[in-house]
Amino acid sequence: MTTTPAIEPVTGATLTDRAAALTRDGWRFAQACATTLPDGIELTYSFARAADLQHLRLTLPRQEAPPVPSLSAICAPAFLYENEMHDLFGVTFSGLTVDYGSQFYRTAQPFSFAPQAEPQS
Amino acid sequence: MTRTIMPFGPQHPVLPEPIHLDLELEDEIVVGARPSIGYVHRGLEKLCETRDYTEFTFVAERVCGICSFIHGMTYCQGIEELLGVAIPPRAQYLRVVWSELSRLHSHLLWLGLLADAFGFEALFMQSWRLRELVLDCIELTTGGRVIFSSACPGGVRRDVTPDQAAFIRGKLTELEQRLGEIVPAFLNDPAVRQRLAGVGVITRQQAETLGAVGPVARASGVAMDMRTSLRYAAYDELPVEPIIANDGDCLARCRVRIGELTQSIGLIRTALDRLPAGELAVKVTGNPTGDIFARAEQPRGEVIYHLKGNGTKFLQRFRVRTPTFANLPALLAMLPGSALADVPVLVLTIDPCISCTER
Numbered sequence: 001m002t003t004t005p006a007i008e009p010v011t012g013a014t015l016t017d018r019a020a021a022l023t024r025d026g027w028r029f030a031q032a033c034a035t036t037l038p039d040g041i042e043l044t045y046s047f048a049r050a051a052d053l054q055h056l057r058l059t060l061p062r063q064e065a066p067p068v069p070s071l072s073a074i075c076a077p078a079f080l081y082e083n084e085m086h087d088l089f090g091v092t093f094s095g096l097t098v099d100y101g102s103q104f105y106r107t108a109q110p111f112s113f114a115p116q117a118e119p120q121s
Numbered sequence: 122m123t124r125t126i127m128p129f130g131p132q133h134p135v136l137p138e139p140i141h142l143d144l145e146l147e148d149e150i151v152v153g154a155r156p157s158i159g160y161v162h163r164g165l166e167k168l169c170e171t172r173d174y175t176e177f178t179f180v181a182e183r184v185c186g187i188c189s190f191i192h193g194m195t196y197c198q199g200i201e202e203l204l205g206v207a208i209p210p211r212a213q214y215l216r217v218v219w220s221e222l223s224r225l226h227s228h229l230l231w232l233g234l235l236a237d238a239f240g241f242e243a244l245f246m247q248s249w250r251l252r253e254l255v256l257d258c259i260e261l262t263t264g265g266r267v268i269f270s271s272a273c274p275g276g277v278r279r280d281v282t283p284d285q286a287a288f289i290r291g292k293l294t295e296l297e298q299r300l301g302e303i304v305p306a307f308l309n310d311p312a313v314r315q316r317l318a319g320v321g322v323i324t325r326q327q328a329e330t331l332g333a334v335g336p337v338a339r340a341s342g343v344a345m346d347m348r349t350s351l352r353y354a355a356y357d358e359l360p361v362e363p364i365i366a367n368d369g370d371c372l373a374r375c376r377v378r379i380g381e382l383t384q385s386i387g388l389i390r391t392a393l394d395r396l397p398a399g400e401l402a403v404k405v406t407g408n409p410t411g412d413i414f415a416r417a418e419q420p421r422g423e424v425i426y427h428l429k430g431n432g433t434k435f436l437q438r439f440r441v442r443t444p445t446f447a448n449l450p451a452l453l454a455m456l457p458g459s460a461l462a463d464v465p466v467l468v469l470t471i472d473p474c475i476s477c478t479e480r
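Here the protein sequences line up with chains A and B, keeping their order.
Under this note's numbering, the first residue of the first sequence is numbered 1, with each subsequent residue one higher.
Under this note's numbering, the first residue of the second sequence is numbered 122, with each subsequent residue one higher.
Next comes chain A alone, as it looks inside the complex (with noise of 0.2 Å):
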């Protein structure tokens, strides 16, 4: 079953009121992904309710992207997902509640999903 999404954009300034009010509606934190685009980064995180779905959407530029807002302490698993964001793609979160400080997802190449990685030599 698939659901045609309702993707809504969000800024930095605005995610965690939008998180927010969608876990006092009854939404329930499904999941939260990167997508590295040509020019920058797109964080997308995932609200389920039943059978539906809704997601924010968070564009970041490709360098010097500012840090951004953890939504661990609205949405307690998110900081699993927000780790590995980071350790993935290098994204940085601020307020993250548990901070695993680069050591959740170990791979041999340090942010291999990140704009600027290069293949291993």
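Source of the hints: derived by calculation from the structure; they are not laboratory data.
Hints may be right or wrong, so weigh each one.
Stretches of chain A that chain B covers, calculated by requiring three or more beta carbons in the stretch to come under 8 Å of a beta carbon on chain B [as the list claims (entries may be wrong)]:
#1 7–21
#2 63–74
Listed next, with one range per pair, are the computed distances between beta-carbon atoms [stated by the list, open to error]:
#3 P66(A) to R314(B): 46 to 56 Å
#4 A318(B) to P9(A): 45 to 55 Å
#5 Q63(A) to A460(B): 42 to 52 Å
Only part of the chain A face toward chain B is listed, based on derived beta-carbon distances under 10 Å [what the hints assert, rightly or not]:
#6 R24
#7 T44
#8 Y81
#9 V98
#10 Q103
#11 F113
Every residue, glycine too, gets a C-beta built ideally from N, C-alpha and C.
Fit chain B to the given chain A structure using the hints.
Okay, now just chain B, sitting in the frame of chain A:
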């Protein structure tokens, strides 16, 4: 009191897959746990950039070596939605048959591993012996035992003939009878209950707050099952309800999975009885564009696929959020306060699939 950090995994005799936990111990009691993954990270998500979306079905199946069919099927559901394809009814039913056979062999494998974790070798071997009955059905109908590449965008690649359906029914009857011999040992044996009852309790509120899915959530009273929430494939025409328990401990998680074994046997029989005639697949053309989020109920719980097409034959992004990843916060919550000797059982009761999780 001595406080020590003990590495648990990635290689450990009781671990079927290489999760790594740094356990913080006060004498023999766990007071904290810190996970790290990546030991079997294969970079599968990155492969979508070099394999076209049809070929990538085979990669999606290999995300997991146990619930491979449901991975492939969920990926196909996403591609079909992106391309606006409706698959034939017979394919919908066959997807249910192979999904439930996958659930059966996964749960039987898990029962064996659990028995091994608490040191009941005979029960371990009996559980895996029963699993062979299910693998025989999969092998007969697909040629493979665990990874069998039967799902494809647009439907399924293989059919189930009447003779094969009769063979499956026979094996299911035998499985049902022999399950009756081992289930009392899991649920009623005093030694087994001592290792499972009241151990690793996750309350309903914790399960909801921590985002637990699948049997872990259902064992804590959360009635969440994607087969009933989403009614994908032919589940909208089949009788399926979430199997739940309320104690939230290891025994409850075992009870839920045993209940799901019986449920899956019933679902396969009903799906075979109602198997409609017709085509196995429709032709899929075009290249996917846009985002899609596909979900399904794997043996370990809800899986979420994010597919992002860019109008070419290669996906821009393929991302899978596995049920084990979603259940890690619950595992981290149940570890503090437990005895070191219970850690293998606690880890086992979320049915961890680390290859899936690390992708």
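Worksheet entry | R314(B) and P66(A) - C-beta distance against the hinted 46 to 56 Å | holds, 53 Å
Practice prompt. For Q63(A) and A460(B), compare the CB-CB distance with the range 42 to 52 Å and indicate the outcome.
Written response: holds, 50 Å
Worksheet item: Is it true that A318(B) and P9(A) lie within 45 to 55 Å of each other by Cβ?
Response: Distance hint for A318(B), P9(A) holds at roughly 49 Å.
Discussion item. Using the nearest Cβ pair, does Q103(A) come within less than 10 Å of chain B?
Written reply: Holds: closest Cβ of chain B sits about 6 Å from Q103(A), inside 10 Å.
Worksheet entry | Coverage assertion for the region 63–74 of chain A with respect to chain B, Cβ distance below 8 Å, three residues required | That given contact is violated, which follows from only 0 residues of the region 63–74 of chain A lying within Cβ reach (below 8 Å) of chain B.
Practice prompt. Identify whether the interface hint at Y81(A) stands, where standing means a beta carbon of chain B within less than 10 Å of its own.
Written response: holds, 8 Å
Fill in: Supplied contact hint for T44(A), tested at 10 Å Cβ to chain B
For T44(A), the interface hint holds, since the closest Cβ of chain B sits about 7 Å away, which is under 10 Å.
Worksheet item: Taking the least C-beta to C-beta distance, is R24(A) closer than 10 Å to chain B?
Response: With a minimum Cβ separation of about 14 Å from chain B (threshold 10 Å), the hint on R24(A) is violated.
Practice prompt. Grab the minimum C-beta distance from F113(A) to chain B and call the hint holds if it beats 10 Å, violated otherwise.
Written response: holds, 7 Å
Discussion item. Closer than 8 Å Cβ to Cβ for three or more residues is the test here. Does the region 7–21 of chain A pass it with chain B?
Written reply: violated (count 1)
Practice prompt. Identify whether the interface hint at V98(A) stands, where standing means a beta carbon of chain B within less than 10 Å of its own.
Written response: Holds, about 9 Å.
Hint check: violations occur at hints 1, 2 and 6; the rest are consistent with the structure.
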